[in-house]
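Number of protein chains: 2
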Amino acid sequence: MEERMETLIREMKNGDQRSLARLISCVEDRQAGWKDVMKSIYPGIGKACVLGITGSPGAGKSTLAGEIARRFLDRGLSLGIIAVDPSSPYSGGALLGDRLRMRDISTNPGVFIRSMATRGALGGLCQAARDVMRIMDAAGKDVVLIETVGVGQDEIEVVSASDYVVLVTFPGQGDGIQAIKAGVMEIADLFVVNKCDRDGADVMASEISAMLELSSEAGQERPPVMMTSAFTQEGIDDLCGVLSEFINQKKARGKPQRDHVRNEVLGLLEREMVGMLRERIMENGKLESALDAILEGKGDPYSAAEELMARVHLVRSRPGERKEDTRG
Amino acid sequence: MEERMETLIREMKNGDQRSLARLISCVEDRQAGWKDVMKSIYPGIGKACVLGITGSPGAGKSTLAGEIARRFLDRGLSLGIIAVDPSSPYSGGALLGDRLRMRDISTNPGVFIRSMATRGALGGLCQAARDVMRIMDAAGKDVVLIETVGVGQDEIEVVSASDYVVLVTFPGQGDGIQAIKAGVMEIADLFVVNKCDRDGADVMASEISAMLELSSEAGQERPPVMMTSAFTQEGIDDLCGVLSEFINQKKARGKPQRDHVRNEVLGLLEREMVGMLRERIMENGKLESALDAILEGKGDPYSAAEELMARVHLVRSRPGERKEDTRG
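Sequence lines, in order, name chains A and B. According to the numbering used here, the first sequence is numbered sequentially starting from 3. According to the numbering used here, the second sequence is numbered sequentially starting from 3.
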């Protein structure tokens, strides 16, 4: 590994926030040497507890995350916060709003806040978020909070990479629990009805409990349903109590699951393959002539893909043997 | 192509809804012969106008889609409706709700309704949705309505494959326009403030207009902002008027864009490659031994992917030549 990277990692481990920021950028942008950084920090990670916070737009996730963060900081925990923002040229306003909410904690030296755009993440959003979590872990953060809008499949995958998932809902969220149809319910470890100072919070909490009862099997533990309000501060201490308890349990807990690691390895592999494939296919003019034909009404995308596919083959090499085409 | 498929396509073109349903299933599940079906119908498509309807959960998209559909049917147009549902074991309720809202139109022979799950779409959600749109187009539908929850990247891509995108918002949607930070704003051709019988609809509409004014360049046409309510029926006729106008214009319009076709061909190609790759990598026990090592703390996913990658190479074959490894 480059000396520069080694220095950055050493400084990061000593608590230097600027080195942390630079390493995250290096890995997120897939700059030269990013993989060496990840390989180097990997053996030391697993100490941080990753809490996912997700829910519909407008549920008050950022404010709630800020309240949780403040309490953890008061207890002397160090924190990393990742805000996954669907990227939009219009999002300036929203980002600004989120940052204002976090303002009073963002100057605390125990906290490091990072926004990630959902669009254009070079290594895929889920992998990029996982990499950033790991870097924060390696930097010695006790807790990593990751906040996403939990409606898209990508965002759900991101949050399901965390150790504990909090699903934030609020009264007046359109059709109530019907609106929570996003495939996030089954990954939630805890449900929060936020903005509980508003009308309808009790009804919403009962509906969620009823649904959890209906869908869970006998003897199975059901996720708790809690009510919070950043406005009245109701319930936030209780929520942090439950989260702290989990953080302490997690310290005693364990290893990543085999299936998760398999998916990650395959994902990393596929990204590289697809990159190589695109290069190869673009190289000669075949793709462009196929496009010409389609646009002139003389072809279709399905046949074109098939024909291009026939020109590129996967070959497995065996060490010490001559490479051969395995198509037989 | 198999005779069975040819028969199904002929019957579908004659208006048989059962054949249409079977062809959609065949293509969605990537059953044998799916590609022949797509190749065969491709030359005849492009007549239907595809309208995308998107927005946050609870915005009332299904109800609004139902109202639009009813008016189009009254004018003698035939309709396909695709509802993209984030799939969840909990979604039974939500699906049922949506279906109830569509009940009064779903028995009309001029309409065909199809739900698609976001999770586990074999060809990728975006491609699968595009394929289903094309089949409905080939079946002679005048209009295809596609309804998605527009917060995730996947869902945004689906809806951006349509000819015209309606973004549905509603008053009381959390932080107002701040909540619409999903990368959908820049693909919207028309903004609707739905549930406009509620308080705050005027404010929301003004905010959206102000934001559009701020972000658009001088002389650039700005998307219209309309207000609707399925409850009072306000504004829905006006909305349908604008949509009809677009449908008529589109009939005079044209071809797919080169960039879109390029992305589609590359996407189809990548799916096939990744499928082949997974097979190859799974074949021998290398992947599993790499996983063993990682779980024992003797490796990391990044190195494992790299090592597996070194065992599979892409080779380009030139017709009439011996296949050779291009790594040089």
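Watch out, some of these pointers could steer you wrong.
Identical chains blur together in the list; that is why a pair holds if it fits in one copy or across any two.
[To be verified] Here are the simulated DSS-like pairs of lysine-lysine, each with C-alpha atoms no more than 27 Å apart in a straight line:
| id | residue 1 | residue 2 |
| --- | --- | --- |
| 1 | K15 | K37 |
| 2 | K300 | K288 |
| 3 | K252 | K300 |
| 4 | K288 | K252 |
| 5 | K288 | K15 |
| 6 | K300 | K15 |
| 7 | K15 | K49 |
| 8 | K15 | K41 |
Simulated from the structure, these hints should not be mistaken for laboratory data. Every value quoted in this text rests on a predicted model; they were computed, and no experiment measured them.
Identify every previously stated hint that the structure contradicts and give their numbers, smallest first.
4 and 5
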